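Chemist: Sequence:
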Amino acid sequence: MRKTLLTSVCIALMSLSVQAQTKISFEASEGYNLGDINGQQGWTYWGETIDPNTGMVTTASSTDGSRSLHFISNEYEEVAGVEKTVTAFDKTQFSFDFKFDGLMGSDYTMAVWDTDYEPVAAFRVNYMDGNVSILNAETLEDTTLNLTPNTWYNFKMVVDMTARTTQYFVNNVSYGIKAVSAPVTGFNVIDFYYDDYGTGFTVDNIKIEDAANLSTKAVATADNFYVYPNPTADFVQIKTDGKINSVEVFDLSGKLVLKDASGNSQINLSGLKAGGYLLQANTSKGILTKKIMKK
3 MRKTLLTSVC IALMSLSVQA QTKISFEASE GYNLGDINGQ QGWTYWGETI
53 DPNTGMVTTA SSTDGSRSLH FISNEYEEVA GVEKTVTAFD KTQFSFDFKF
103 DGLMGSDYTM AVWDTDYEPV AAFRVNYMDG NVSILNAETL EDTTLNLTPN
153 TWYNFKMVVD MTARTTQYFV NNVSYGIKAV SAPVTGFNVI DFYYDDYGTG
203 FTVDNIKIED AANLSTKAVA TADNFYVYPN PTADFVQIKT DGKINSVEVF
253 DLSGKLVLKD ASGNSQINLS GLKAGGYLLQ ANTSKGILTK KIMKK
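Under the working numbering, the letters of the sequence shown match residues 3 to 297, in that order.
Check each hint, because a few of them may be wrong.
SDA-like cross-link-like pairs, simulated, lysine to any residue; straight-line CA separation at most 25 Å [claimed, not checked]:
1) K241 with K209
2) K293 with F227
3) K209 with F237
4) K93 with N76
5) K297 with L271
6) K292 with G178
7) K292 with A263
8) K241 with N174
9) K287 with V259
10) K245 with S267
11) K25 with D99
12) K25 with E80
13) K293 with Y199
14) K86 with N35
15) K86 with K209
16) K158 with K261
17) K287 with A235
18) K275 with T291
19) K86 with Y199
20) K275 with A165
21) K287 with G244
Distance windows between CB atoms, simulated [stated by the list, open to error]:
22) N35 with S267: 47 to 55 Å
23) N35 with S286: 42 to 50 Å
24) N55 with G277: 19 to 27 Å
25) D243 with V175: 19 to 27 Å
Treat the hints as calculated values from the structure; they're not laboratory data. The model shown is predicted, which means the values in this text are computed figures rather than measured ones. Backbone N, C-alpha and C define an ideal beta-carbon position, used for all residues, glycine too.
Put together the whole structure using the sequences plus the hints.
Modeler: Structure (structure tokens):
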């Protein structure tokens, strides 16, 4: 499944203020040594062409602490990478900082798998123009975002296994809510890989967090986010302390079905079919999401 995807495309809940989180910055305090990542803290190479010292814990560049993981190219032109089994949640926020070495070289994929290596969610960076694509069920879809080489970007995906959706962000800008495919059983393995065409990549500041706690905290601190009536036959009213910049509505497959950039708090849903949707309000306080029902 990995090759197809590439080419087709510490836990605590003591209170709401304490969030379950795994954080990886490849620091000595986390048990990492400088040098080959293979075998350290559960990270393992995969792919037949990886040489020793392909993935190196290094001090050359970082965004958190003094270290990061740098993956060089061996120019084997084969798909290979490094993965780690993790503990996740019903709703998991997975984020990391990422940069790549150059264009016209390798494609890069940052993915999540279940235990059977069915794809849960993924970002992919295209070798030609740096375009970012995101996984919708089992298909990668292009976004409008092109990345610049040798520049750090923060990637984030929020995987909701109950709603079976993933919301994708780069530098805190949302690029949509997409579906998790039917065969997927859970969020189990994180994976960074490329097709090794002459350029490599660097990763730092990996976080795996309980998004249910993060969401609870966000709503509590700000911003009284309400959407009503819900269910509705036609209009909904949005109440939030932040200024509304735009509103997007997605069906449960992740398809954008309505966009309103007026800034109004009242949104007309009369043109939508009956069923469930995800309403995303882009506000001055951040991005807020609510599940709504259309009668």
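Chemist: Tell me the numbers of any earlier hints that the structure contravenes, in ascending order.
Modeler: Those not satisfied are hints 1, 3, 4, 12, 13, 17, 24.
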